[in-house]
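Once you've looked at the hints, dock chain B against the given chain A.
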Amino acid sequence: MPLLQVTDLQVRYGRILGTNGISFSLEAGESLALVGSNGAGKSSTLKAILGMAEWPQGQILLDGQDLRGSKTSDIVRQGVGFSPEGRRVFPMMSVADNLRAGAFTRPREEAAERMEAMFAYFPRLRERAGQRASSLSGGEQQMLAIGRALMSRPRLLLLDEPSLGLAPIIVERIGEIIEEVQRREGLTFILAEQNANWAMRVAKRAVILELGRSTIAGDCATLLDDPRVQNAYLGL
Amino acid sequence: MLSPILLGQAVVNGISLSAIYILVALGFTLLFGIMRVVNFAHGAFAMLGGYALYYVYGRWGVPYLIAAPLSALGVALAALVLERLVYRWFYQKMFQSMIGLLGLEMAIVFTAVIIWDPHERSVPAALAGIVEVGGIIVPTDKLVIVGVAAVALAAFYLFTKFSKYGLAMRAAAQDVEIAAAQGIDTTRIYQLAFVIAIFMAALAGGFYAQTYALSPLMGERPLMMAFIVVILGGMGSIPGVALGGIILGFAESFLGTFYGGSVAVFASFGAVILLLIFRPWGLLGTPET
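If you're matching them up, the sequences are chains A and B in order.
According to the working numbering, the first sequence is numbered sequentially starting from 3.
According to the working numbering, the second sequence is numbered sequentially starting from 2.
FYI, nobody ran anything at the bench for these hints, they're computed from the structure.
Only a predicted model underlies this, so the values are computations on that prediction, with no experimental measurement involved.
You may find that some hints are simply not true.
The list that follows gives simulated cross-link-like pairs (lysine to aspartate or glutamate, DMTMM-like), each with its CA atoms no further than 25 Å apart [unchecked claim]:
1) A:Lys-73 to A:Glu-87
2) B:Lys-165 to A:Glu-112
3) A:Lys-73 to B:Glu-84
4) A:Lys-206 to A:Glu-56
5) A:Lys-73 to B:Asp-142
6) B:Lys-94 to A:Glu-112
7) B:Lys-162 to A:Asp-99
Next up, chain A with everything else stripped away, as it sits in the complex (with noise of 0.2 Å):
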């Protein structure tokens, strides 16, 4: 049984249709890349899965299980973490406590250890855990937003945009980082990018939205070859 299913998905903002027709499955310990233009429905995939936005037509499993209906704090429960579009971090509060918020779900003992493990992760979160979340550059508040969803220790986790207004040295940090998480903890993540030739190196398979619906899918290294995806996504 796949970690998560997708089916048919539609999501609607009102009358406005943020995706109509997008389908994958992704099993435990594999990554995904849900690459396309802004609009093609990355961010409103995600939202769907965590109970953000109404999607009136279409499927979600995870684990099997039915996500209709239900919240977004009892998804998170479930083992979904989020980092989402623009970080949003907690301003006011220092980097220790947004590290802490995310480990809200879990008991304190493993929050502390949690928290050793993200400074293990990207250092400069310990250097400045003292300080202001809104004080740190786009880059560190990047690495606190994924720290804070890494806290949870989920079995999913969903990256929204994570390259975006970051300089390339940066992303690339960021993807060696994604990468060595996976390695050591065998995470499961979807990476939502506009940024095609960054996530499908980073990521081993990938899904292509146009127009909020999904057209190709297959292996990045595959993809990465095949000219339509060349032509319309990698700039070759």
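What follows is chain B alone, placed relative to chain A:
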């Protein structure tokens, strides 16, 4: 006229007024900071706190140090019904909340008029007698009020700063959607913040009823004071409440002692008007972006 005794007296009064103002304004600013509702019914809960204390302490004779928190807690828990029926519809809707909760204030106040009639009653003092320190006369009653208020404020500080649910409350105040994405049940956190806010208002209302008088219409002044304190300090800012409460409490006590009560009120409102012109986000608030 600047005798040390008179000054000392004004300081003591200032501390006790500040304690009441901080309590009542803290609940007000919590509801605004976390749920974005402007609680125009805040005074009504202060009034209910006054009546609760009147019965639990005044009539049934429960010892004061138990009666004060117990009656405030009773009001706060009963208010959860209103949270479910009324408040929940206004969360994150600032302007609608003003009108809706003004209506709720009237409904509660005039229900109270029907039940208790509009006449003033008095809540007996916690302790009769006075303490004299170097010529300064301090009613023991006031010491008890300041003590209980200080304990409540310290407990609140420790709770928000060090407890898991306090952390969740701070997170929800800053970004409610992302707080939910940490597994925080924001409906429950809102209820918790609501109970804390109404508890503070009801506790302050009890003190207020003891200091002045108890009547269904007594809530108007605490509401106004909460409003001034919160505007002074900055809407939604907790350190701002502490600062605003101290400024207002001391200003009222000093100006009242030396120039009379009406000057004190005039100066308080005048300060707020000036602040709204030159620094509308308050002393410690942040400008809206």
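Problem set entry | Hints that the structure is at odds with (numbers, increasing) | As far as the earlier hints go, 4, 5 and 6 are violated by this structure, in ascending order.
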